[in-house]
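Heads up: the sequence lines are chains Y and C, in that order. According to the working numbering, the first sequence is numbered sequentially starting from 1. According to the working numbering, the second sequence is numbered sequentially starting from 1.
Don't take every hint at face value.
[Unchecked claim] Covered by chain C, per the in silico footprint, the following chain Y stretches (three or more residues, Cβ under 8 Å):
# : region
1 : 29-39
2 : 81-89
3 : 143-157
[Unchecked claim] Once the Cα atoms are required to be at most 30 Å apart in a straight line, the calculated DSSO-like pairs of lysine-lysine come out as:
#  : chain 1 : residue 1 : chain 2 : residue 2
4  : C       : Lys149    : C       : Lys194
5  : Y       : Lys145    : C       : Lys149
6  : Y       : Lys117    : C       : Lys95
7  : Y       : Lys145    : Y       : Lys117
8  : Y       : Lys117    : C       : Lys250
9  : C       : Lys194    : C       : Lys42
10 : C       : Lys64     : C       : Lys250
11 : Y       : Lys145    : Y       : Lys15
12 : C       : Lys149    : Y       : Lys117
13 : C       : Lys42     : Y       : Lys145
14 : C       : Lys95     : C       : Lys216
15 : Y       : Lys15     : C       : Lys42
16 : C       : Lys149    : C       : Lys64
17 : C       : Lys42     : C       : Lys64
18 : C       : Lys95     : C       : Lys194
19 : C       : Lys149    : C       : Lys250
20 : C       : Lys250    : C       : Lys216
21 : C       : Lys149    : C       : Lys95
I should point out that these hints are in silico values taken from the structure, not numbers from a laboratory. Treat the numbers as computed from the prediction; the structure is a model and nothing was measured. All C-beta atoms in this analysis are idealised placements derived from N, C-alpha and C, irrespective of residue type, glycine included.
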Amino acid sequence: MATQSITVTINGEAKSAEVEDRLLLVHLIRDNCALTGTHIGCDTTHCGACTVLLDGTAVKSCTVFAVQANGREVTTIEGMEGEALHPLQEGFMEEHGLQCGFCTPGMIMSSKHLLDKNPEPTEEEIRWGISGNLCRCTGYQNIVKAVQYASNKLQETATEGGE
Amino acid sequence: MIPGSFDYHSPTSLDEAIQLLGELGEDAKILAGGHSLIPMMKLRLAEPTHLVDINGLSDLNYIKEQDGYLCIGAMTRESDLETSDLIAENYPILKDTSEVIADPLVRNLATVGGNIAHGDPANDHPATMVALNAEIVVNGPTGLLGGGKRTIPIDEFFVGPLMTALAENEILTEIRVPSPNGTSGASYKKLERKVGDYAIAGAAAALHFDGDNCSKAGIALTNVGPTPVRALEAQDALVGSLVSQEDADKAGELAADASQPVGDHRGSEEYKRAVVKALTSRAIMQAKERSGGN
Chain Y
1 MATQSITVTI
11 NGEAKSAEVE
21 DRLLLVHLIR
31 DNCALTGTHI
41 GCDTTHCGAC
51 TVLLDGTAVK
61 SCTVFAVQAN
71 GREVTTIEGM
81 EGEALHPLQE
91 GFMEEHGLQC
101 GFCTPGMIMS
111 SKHLLDKNPE
121 PTEEEIRWGI
131 SGNLCRCTGY
141 QNIVKAVQYA
151 SNKLQETATE
161 GGE
Chain C
1 MIPGSFDYHS
11 PTSLDEAIQL
21 LGELGEDAKI
31 LAGGHSLIPM
41 MKLRLAEPTH
51 LVDINGLSDL
61 NYIKEQDGYL
71 CIGAMTRESD
81 LETSDLIAEN
91 YPILKDTSEV
101 IADPLVRNLA
111 TVGGNIAHGD
121 PANDHPATMV
131 ALNAEIVVNG
141 PTGLLGGGKR
151 TIPIDEFFVG
161 PLMTALAENE
171 ILTEIRVPSP
181 NGTSGASYKK
191 LERKVGDYAI
201 AGAAAALHFD
211 GDNCSKAGIA
221 LTNVGPTPVR
231 ALEAQDALVG
241 SLVSQEDADK
251 AGELAADASQ
261 PVGDHRGSEE
271 YKRAVVKALT
281 SRAIMQAKER
291 SGGN
């Protein structure tokens with residue numbers, strides 16, 4: 001059984017582990033690091049529930065090997081909250097962007113990458129931006145509103161900070 | 001789903017990667033974006049015993065114009081192609097193509113080289129590259145056993161379903177697309193059931209004009225044959241024409257005749273031929289519009 005020693009910085013904290021080469025990143029996150037906010041939905045690269053940021057880029061962590069993250073930075077939903085909820089988390093709460101919540105961590109991580117690249121997306125850009133994430137109960141209307149809420153709030157904060 | 005066991009290798013140079021492939025033989029697979037390979041490994045449809053990860057070869061990630069060609073490094077991510085200003089301005093057909101591949105999360109990792117080297121006729125770049133008469137640059141071992149670098153014309157690259165002209169110890173390193181010369185335009189149209197699905201069918205059209213008349217045409221189809229299908233008769237019918245709507249529709253019919261669709265959950269053979277006809281005609285008309293012609 002082939003194994004490797006890897007160190008991955010997850011939510012700012014360096015984690016070292018001896019892992020099988022075939023271990024998927026999502027299993028490193030959930031099983032080795034006990035960060036169960038990242039969900040496994042379809043396990044077939046379709047649903048986006050397992051989305052995390054890898055060096056700032058949104059990826060489906062069920063389709064990346066843990067060894068590929070060696071020496072790199074991973075951000076999961078647990079890494080979003082600072083002193084207060086992240087504007088995206090707040091947006092999902094305020095705009096009723098979730099019912100069952102299963103897709104929410106993936107939706108938020110995809111939206112984080114979207115807003116990092118494009119701070120003021122149009123509604124259409126948001127819809128395309130989250131098109132790799134499936135929601136089966138809330139419906140997308142309020143998810144889109146939640147992302148718009150976060151975009152507005154981040155813009156306001158940036159403007160205030162600049163004055 | 002857990003993939004079978006394998007040994008992971010992460011070479012830091014192209015030479016090291018090629019040497020590894022030579023040593024490990026046919027049980028080794030190259031890991032690029034991994035978004036075709038890893039799902040296949042999870043389903044145990046692929047069980048390589050060695051993975052050679054070429055994500056460390058960051059010098060294979062580039063998009064540049066050079067010596068009359070657009071050169072795309074094999075490790076260029078689909079998301080890079082999708083957001084490149086150079087591509088949007090001079091090669092909009094490649095933007096058409098990259099932005100309909102899978103979904104945005106997949107495109108953040110999936111590579112242009114992988115989309116082609118996988119040899120899947122359901123992938124989108126193969127047809128586009130056939131229409132554009134691209135060339136595939138591959139690197140292999142130098143010395144007695146091989147000649148190092150070679151360039152394969154796109155029409156010789158796709159051999160069958162998931163089969164290409166790549167040897168076991170070769171790596172696809174670059175895709176070269178002839179730069180627009182004179183009046184030309186190109187477009188890719190795909191019909192998919194939903195975001196993330198493979199094409200029901202797709203059609204790529206690349207047209208060159210001499211005055212008002214079409215002087216050269218490339219028409220190729222996605223997911224309606226064992227390889228991307230070049231619609232030769234459709235191409236021939238366009239050359240010399242003014243590319244009117246009627247000409248485009250006629251070429252669409254010829255493309256539908258050239259397609260070899262198989263009925264499945266995406267539609268019947270008849271339906272897919274109808275899709276090929278419509279998409280080919282639309283791609284031709286958009287290619288003409290983009291050429292600046294009337």
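Hints versus structure:
Look at the region 29-39 of chain Y against chain C: 0 of its residues bring a Cβ nearer than 8 Å to a Cβ of that chain, fewer than three, so the hint is violated. Coverage of the region 81-89 of chain Y by chain C is violated in this model, with 0 residues showing a Cβ closer than 8 Å to a Cβ of that chain against a need of three. Only when three residues or more bring their CB closer than 8 Å to a CB of chain C does the claim for the region 143-157 of chain Y stand; here the count is 0, and the claim is violated. For the proposed pair Lys149/C and Lys194/C, the alpha carbon gap of about 39 Å is over 30 Å, so the pair is violated.
At most 30 Å may separate the alpha-carbon atoms for a hinted pair to count; Lys145/Y and Lys149/C exceed this at roughly 52 Å. With a C-alpha separation of about 18 Å, the suggested pair Lys117/Y and Lys95/C falls inside the 30 Å cut-off, and the hint holds. Pair hint Lys145/Y plus Lys117/Y holds up; C-alpha atoms about 18 Å apart against a cutoff of 30 Å. Proposed proximity of Lys117/Y and Lys250/C is contradicted: the alpha carbons are some 43 Å apart, above 30 Å.
For a cut-off of 30 Å, the pair hint linking Lys194/C to Lys42/C stands: about 23 Å separates their Cα positions. As the CA atoms of Lys64/C and Lys250/C are separated by approximately 36 Å, the hinted pair breaks the 30 Å bound. Only pairs whose Cα atoms come within 30 Å are accepted, and Lys145/Y paired with Lys15/Y is rejected, the gap being roughly 35 Å. For the suggested pair Lys149/C and Lys117/Y, the alpha carbons sit about 37 Å apart, so the restraint of at most 30 Å is broken.
A distance of roughly 35 Å separates the Cα atoms of Lys42/C and Lys145/Y; the hinted pair therefore is violated under the 30 Å criterion. Restraint check for Lys95/C and Lys216/C: the C-alpha separation of about 22 Å stays at or below 30 Å, so the hint holds. For the proposed pair Lys15/Y and Lys42/C, the alpha carbon gap of about 25 Å is at most 30 Å, so the pair holds. Annotation: proposed proximity of Lys149/C to Lys64/C holds, straight-line Cα distance about 19 Å (limit 30 Å).
Annotation: proposed proximity of Lys42/C to Lys64/C is violated, straight-line Cα distance about 35 Å (limit 30 Å). About 19 Å separates the Cα atoms of Lys95/C and Lys194/C, which keeps this hinted pair within 30 Å; it holds. For the given pair, Lys149/C sits about 41 Å from Lys250/C by alpha-carbon distance, which is inconsistent with the 30 Å threshold. Distance restraint check for Lys250/C and Lys216/C: the Cα-Cα separation of roughly 16 Å lies within the 30 Å cut-off, and the hinted pair is therefore satisfied.
Only pairs whose Cα atoms come within 30 Å are accepted, and Lys149/C paired with Lys95/C is accepted, the gap being roughly 28 Å.
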